[in-house]
Every structure is written in structure tokens, then in C-alpha cells.
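*Asks:* Using the sequences and the accompanying hints, generate a full structural model.
Respectively, the protein sequence lines represent chains A and B.
Be aware that the first sequence starts at 491, since it is given in this note's numbering, and climbs by one per residue.
Be aware that the second sequence starts at 18, since it is given in this note's numbering, and climbs by one per residue.
Because the hints were derived from the structure by calculation, they are not lab data.
None of these values were measured; they are calculated from a predicted model.
Heads up, a few of these hints could be off.
Incomplete in silico selection of chain B near chain A, CB under 10 Å [what the hints assert, rightly or not]: (1) V54; (2) E57; (3) C68; (4) R72; (5) Q78; (6) H80.
Using N, Cα and C, we set each Cβ at its ideal position, and we do this for glycine too.
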Amino acid sequence: MIGGGATAAGMGHLAVMDDSDPQFALTSYSQALWSELAPQLPPDAEYLPCGSLWLAADDEEMAEVYRKFAFYQERNIAVEVLDAKQLAEAEPNLRRGLAGALRMPSDSVIYAPCAARWLLEGIPVFLGHQVSEFTDEGVEFANGHRFAAGSVILATGTAITRALPWVPVQPRKGHLLITDRYPGFLHHQLIELGYLKSAHSVANDSVAFNAQPRATGQILIGSSRQFGTEDSTVEQDILSRMLARAIEYMPGLPTLSAIRAWTGFRAATPDKLPLIGLCPGHSNVYLATGHEGLGISTSLATGRLIADHILGRLSAIPREPYLPGRSFDGHD
Amino acid sequence: MATINLLVNGRVIAAESGSSVAAAMLSSGITTFRTSVSGEPRAPLCGMGICFECRVTIEGQDHARSCQITVQDGMVITT
Numbered sequence: 491m492i493g494g495g496a497t498a499a500g501m502g503h504l505a506v507m508d509d510s511d512p513q514f515a516l517t518s519y520s521q522a523l524w525s526e527l528a529p530q531l532p533p534d535a536e537y538l539p540c541g542s543l544w545l546a547a548d549d550e551e552m553a554e555v556y557r558k559f560a561f562y563q564e565r566n567i568a569v570e571v572l573d574a575k576q577l578a579e580a581e582p583n584l585r586r587g588l589a590g591a592l593r594m595p596s597d598s599v600i601y602a603p604c605a606a607r608w609l610l611e612g613i614p615v616f617l618g619h620q621v622s623e624f625t626d627e628g629v630e631f632a633n634g635h636r637f638a639a640g641s642v643i644l645a646t647g648t649a650i651t652r653a654l655p656w657v658p659v660q661p662r663k664g665h666l667l668i669t670d671r672y673p674g675f676l677h678h679q680l681i682e683l684g685y686l687k688s689a690h691s692v693a694n695d696s697v698a699f700n701a702q703p704r705a706t707g708q709i710l711i712g713s714s715r716q717f718g719t720e721d722s723t724v725e726q727d728i729l730s731r732m733l734a735r736a737i738e739y740m741p742g743l744p745t746l747s748a749i750r751a752w753t754g755f756r757a758a759t760p761d762k763l764p765l766i767g768l769c770p771g772h773s774n775v776y777l778a779t780g781h782e783g784l785g786i787s788t789s790l791a792t793g794r795l796i797a798d799h800i801l802g803r804l805s806a807i808p809r810e811p812y813l814p815g816r817s818f819d820g821h822d
Numbered sequence: 018m019a020t021i022n023l024l025v026n027g028r029v030i031a032a033e034s035g036s037s038v039a040a041a042m043l044s045s046g047i048t049t050f051r052t053s054v055s056g057e058p059r060a061p062l063c064g065m066g067i068c069f070e071c072r073v074t075i076e077g078q079d080h081a082r083s084c085q086i087t088v089q090d091g092m093v094i095t096t
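*Replies:* Encoded structure:
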């Protein structure tokens, strides 16, 4: 199934991020590619240019808003600071007393599995075949059929370690919940600035408030992060903690009906950057995995960087920070 | 039974106190409670809170199951 893994399980945000310069380069390049593509996307891709608000709960987090504002402004990314009153006007269902927010107007959300299917339209796709072996000449299916290929690209998310156990990708479980349709309840994607503490925390389980308006009027609520499990069961205690955190930010949430909760697995790397480029020891095998929570955001740039390499073209951004053969020393 | 009034889509309808919102609406001849995503008219099916077909907006609360809520005088309902 196309996009049946983390692509379908994730939130589908198209966000620019600033954890590191290479992360900014990849997310901003990819977002520009998505913006170019947006007018052609089919309706079922549910592209919604809603923008993001990074929420500051207190003065300490507001200082982070101003730091991010300066970072993005220096790099010509449209960005705006909202004070407490402007934030309350922009999102009346948020609790009062928040310090403010950083608005990223160019962020958007998308229904990724349909976008993935659309991107592959017109390209022969062989589904349901397990690959038992891959070489620089092509792949061999489990049924013994050989498939010659000029290039092999392994874009398997967390499953990469089944083929290549040395690849430093770990599954990081997440929970999501979606509500019935409540158009107008929420206007922007909302992320608490504490999210970064959660996303970077090495603690096993963490939750942070993240909510998205969907084109359907539904509200998608996250987020949780867990290492050390490959069990996809929805865990009631994690889901409850995640929702309790969401309700702290949006006290009206308990009046909405939830329709479904599910889990997925992010492909996490030690240095928070994906693995994009030649697989060490090969001349025609490429990796495209390890995007953690930014796989949809950075998908188009990932494809472009690999295409550039195959075609011998220069890339719009440096490719070195994402090469799979880089050193991970100094990272846990 | 005492008779009370509900405001449904801006129109006053009479209802018997103690009845469910769904029963009161059906008694007054309302047969479309909501419109599905694909544009089909919908109305109560199970009458016991399971099928979610009878959802209306009650006092500003979207997706309220009208078969599970008892009428109150002056209640504002939108289909």
C-alpha cells in the first residue's frame, strides 16, 4: 500500500523548523517545493495553508518566540510575533493567560497518503513484493524474481534496520486522536513551545500539545513520543496524558466528540537529521529514511537531493549533513 | 404533560416536556436532522445513542445526539 506506514499515521504538517541549520535548510527548501506543487494537488490531498502558531505559555517561552523570530527573519522566512491579546483573537478556544505566540504563516497541513498516491501517479508500482536482496544492479524479490535497476532507493522508514542493522534508526512511537467535524474551532496548527523539550527529551515517554485543523473541519490532536516499544497498541495512560495536556491549552476540547485514536512509528536518528544519500559500501544504493516527525515536510527535498546525486546535478542546499555515512559520535 | 417550546432553525415548535429532542423534532414533522458529508439527508435510526445519525447542534454544541438529550423550554436547536 502506498504511504501505508508513518506517512498515513502522521499528522501531515509541512513545517519549517530551526533546531539546526541543516534542519532549517531541508525544511525550508522542501516547503518551497510543496508551495510550488500546491496548486496542482488533488482535492483529496486536503492541502490547508493554515499556518502554525508556536505557543508561549510564559515569559521564558516568549523569549524563545523572539529568538525564533530573529532566526527566521534573518533567513527571509515570513514570521510574526503575536502578543497575548492577538493570540486570543487568533484562536479564541485557547486558554486565557498565554504569553503569546510565533506565527509561521507559510506552514500548512496535508493529507499525506493521498498526496503520496498522487505523486506516484503514472509511475509503475509493484506492491506486495518483499525484497529479499538488493545490490548496485537492482533488487531480488522473495519469490526469486530479479528486478534490474539503475538505482535502488531504500525509503522504508523504521523497517530499514531489518535490511541494514547498522543504520542508526530507532522507532519512536506516537499517538494521535481525531475529532468529529467542528469547522472554525481551530484556525492554525498549534504547537506548544514545550514541544521542543518533549521532542528532544531522552526520557522514554513524553507528551506535548499539538493540534491541527483539517480541511474537513476535524481536529487532529497530538502528540506523544516513546522509545523502546514496537507495539502499536493505543496505550490508555499515554493517550490520557496527551489529552490532558491538550485540554490545558484548549479547555473546550472535552465538549468535542473523538472519532478515532491510533499510533505510528517515527524513524528517529541520534542527531535528529534524516539519512539521505548513498548507502556506505554501495555505488547505486541510496537511503531515504530517518526523518522522524518531518517526513512529509521534507519528502520533496529528500527526493530532489537524491535525484540531483543520481543525475550529477548541483543541489539547492548542501547534501553533506544528511549523508548516511556521517559520524554520529557525540550523540546518544 | 406540560407543553414547552423549542426553537428549531429559528422556528418555534411545541414539545412535550420529558421527551427527547429527537422525538419532539420528529413529532413536529422534521425529518432531516443533518446532511451527511456526501450531501444525503439524515435522521434518527437507533434512537439509543449508538448510530450518531440524529446529530444536531443544541445550544451551540455541535454533533449533539438529539435522541439522548431531554427537551428544555427555550432550547435552541439547529439542524
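*Asks:* Take the hints in turn and mark each one as holding or not.
*Replies:* How the hints compare with the structure:
This hint holds: V54(B) has a C-beta 8 Å from the nearest C-beta of chain A, less than the 10 Å allowed. Taken as an interface hint, E57(B) does not check out: its beta carbon lies about 15 Å from the nearest beta carbon of chain A, beyond 10 Å. The interface hint given for C68(B) is violated, since its Cβ lies 13 Å from the closest Cβ of chain A, which is over the 10 Å cut-off. Hint on R72(B) holds. Least Cβ distance to chain A is approximately 8 Å, under the 10 Å limit.
Against a cut-off of 10 Å between C-beta atoms, the interface hint on Q78(B) holds, since the closest Cβ of chain A lies about 6 Å away. For H80(B), the suggested interface contact is upheld, since its CB lies about 5 Å from the closest CB of chain A, less than 10 Å.
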